[in-house]
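Number of protein chains: 2
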Amino acid sequence: MAGDRLFRYIVVAAAALIVGACIGLAAAPLPPVPEGGADRDTLFQVSTIDALLQGTYDGSMTFDELARHGDFGIGCGDRLDGELIGVDGEWYLIRVDGRAYPVAGNATTPFAVATFFDSDMTVPIDAPMNLTALESRVQAELPSKNLFYAIRVDGTFPHLVTRSVPAQEKPYPRLADVTANQTVFTFENVTGTAVGFWTPALAKGVNVPGYHLHFITGDRTAGGHVLDMVLAEGTVQVDTTTNFTMALPASGDFWTVDLSGDLSGDLEQVE
Amino acid sequence: MAGDRLFRYIVVAAAALIVGACIGLAAAPLPPVPEGGADRDTLFQVSTIDALLQGTYDGSMTFDELARHGDFGIGCGDRLDGELIGVDGEWYLIRVDGRAYPVAGNATTPFAVATFFDSDMTVPIDAPMNLTALESRVQAELPSKNLFYAIRVDGTFPHLVTRSVPAQEKPYPRLADVTANQTVFTFENVTGTAVGFWTPALAKGVNVPGYHLHFITGDRTAGGHVLDMVLAEGTVQVDTTTNFTMALPASGDFWTVDLSGDLSGDLEQVE
Chain A
1 MAGDRLFRYI
11 VVAAAALIVG
21 ACIGLAAAPL
31 PPVPEGGADR
41 DTLFQVSTID
51 ALLQGTYDGS
61 MTFDELARHG
71 DFGIGCGDRL
81 DGELIGVDGE
91 WYLIRVDGRA
101 YPVAGNATTP
111 FAVATFFDSD
121 MTVPIDAPMN
131 LTALESRVQA
141 ELPSKNLFYA
151 IRVDGTFPHL
161 VTRSVPAQEK
171 PYPRLADVTA
181 NQTVFTFENV
191 TGTAVGFWTP
201 ALAKGVNVPG
211 YHLHFITGDR
221 TAGGHVLDMV
231 LAEGTVQVDT
241 TTNFTMALPA
251 SGDFWTVDLS
261 GDLSGDLEQV
271 E
Chain B
1 MAGDRLFRYI
11 VVAAAALIVG
21 ACIGLAAAPL
31 PPVPEGGADR
41 DTLFQVSTID
51 ALLQGTYDGS
61 MTFDELARHG
71 DFGIGCGDRL
81 DGELIGVDGE
91 WYLIRVDGRA
101 YPVAGNATTP
111 FAVATFFDSD
121 MTVPIDAPMN
131 LTALESRVQA
141 ELPSKNLFYA
151 IRVDGTFPHL
161 VTRSVPAQEK
171 PYPRLADVTA
181 NQTVFTFENV
191 TGTAVGFWTP
201 ALAKGVNVPG
211 YHLHFITGDR
221 TAGGHVLDMV
231 LAEGTVQVDT
241 TTNFTMALPA
251 SGDFWTVDLS
261 GDLSGDLEQV
271 E
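If you read the protein sequences in the order shown, they are chains A and B. Each residue of the first sequence is one higher than the one before, starting from 1 at the first, in our numbering. Each residue of the second sequence is one higher than the one before, starting from 1 at the first, in our numbering.
Keep in mind that the hints were calculated from the coordinates and are not lab data. Just so you know, even glycine gets a beta-carbon here, dropped at the ideal spot from N, CA and C. Hints should not be assumed to be uniformly reliable.
What the hints assert, rightly or not - To give an idea of the interface, some chain B residues facing chain A are shown, with a C-beta separation under 10 Å as derived from the structure: (1) T42; (2) R79; (3) G98; (4) P200; (5) L202; (6) V230; (7) A232; (8) G234; (9) Q237; (10) V238; (11) T241; (12) A250; (13) W255; (14) G261; (15) G265; (16) Q269.
Said to hold, decoys possible - Rough simulated footprint, nothing fancy, chain B against chain A, three-plus residues with beta-carbon under 8 Å: (17) 72–85; (18) 92–102.
As the list claims (entries may be wrong) - Result set (SDA-like, lysine to any residue): computed pairs, CA atoms no more than 25 Å apart in a straight line: (19) K145(A) / P173(A); (20) K145(A) / R40(A); (21) K145(B) / R40(A); (22) K145(B) / Q168(B); (23) K145(A) / P124(B); (24) K145(A) / E268(A); (25) K145(B) / T179(B); (26) K145(A) / N130(B); (27) K145(B) / P143(A); (28) K170(B) / A232(A).
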């Protein structure tokens, strides 16, 4: 009887432990909502475009850390070694040979923009259009000119032109001087994905106002910074992000670069 | 005996429930690390200064939500009804009568800047100085002109001038037109705390480049937006923040206001 009673104690105690654990889980404080209310609706960026334009090319954040802030994005490699593209949680650098290399998690980026891509709107593309027409078509659908948007274009492109640049050595030249010697790649009848952002004028100097797109082929082997394209057919998806977060480098050249000027001229040259 | 056994079952089950709940709490997933890696080193802001300058005065975030992003900050009330100041986790609106009113958690702000204040540096003030001299003295100590800093001044002020403005009605006038009729308060030999930020030029249009300070008396009864001051003695503490987060209004006038222009002239008038 004593053993039977002990067994019953154990059964009740074990059941209570399980129930208690469940209650405990339910009663545990909820994790705090991330900055800005909703992590997935935050556009996250490393450094500023005006710092990059002036040659601040030393990486300040690892790709492992960047991936905590998004599964989708663009940017560049440490020392400007490649055009960065992230799609469906896979991140690649398109180096100056035009080929896509998966990033090393402990490698760093001096400038990147990322978000978790959740499509809020699909813009149907039912007739072939060039980049200018495509950009106008999408811009007409944006609910406000004062928010940030992630843009994803999946489709077939009769013509698409990209560029990449080689790794730089110190003392770093300005970005406009680097892109003056960029390597250009022309794709014909390629399928793939263009990834990027539409940035509002309010972020001038911080990011690239208007569109900034990078491209990767469907087989994820090649791509680059988009210079021109014709989209034959495909889908454009848009993710509206109302929150914006910027991680500024905690040391290095960023601390002393002059960010008070207007670099619109430089930006026009490099884009 | 049956009752005694039942009692023992209940005691064991209750004890197991408590233990289980504790295990449950310990086993609950850790909250995700906030945006930018460290919540306390993030400068958080609601909307942009250029939107406010153009009359975007409808509140878009509650003070309860704002308090989740900082225990220290400045801003204004819904419809421009009062100058906001937050210090040591207590938030007040200094209304046009010059008096400090604790904020209602469910009331909203159209523009605010907040952080969790952790002093990284103390600037000793060993001789009386006016606002210009004080600002130069502190600016000389800032490690970089490209980061955001929270500034806290506790001291005795022989002379201090603040302002506040009344609540506005739609159609809202521009901020420069509102401050042209601001109410000015002059304090003599007052002790208290000035709270605010030093913003880098890179955030022009988004926030107020340079200093932006509000004041509240030691007894937390009066204050306003700082127009002038002489500090006799006190301490200036500086909190360096490398991360910046901006929550843009998800609806309302912000969506249509023109944020593409240069409003430096307006800003100079209102500051």
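Of the numbered hints stated previously, which ones are contradicted by the structure, given in increasing order?
-> The structure conflicts with hints 2, 3, 6, 7, 8, 9, 10, 15, 16, 17, 18, 19, 21, 22, 23, 25, 26, 27 and 28, although it agrees with all the remaining ones.
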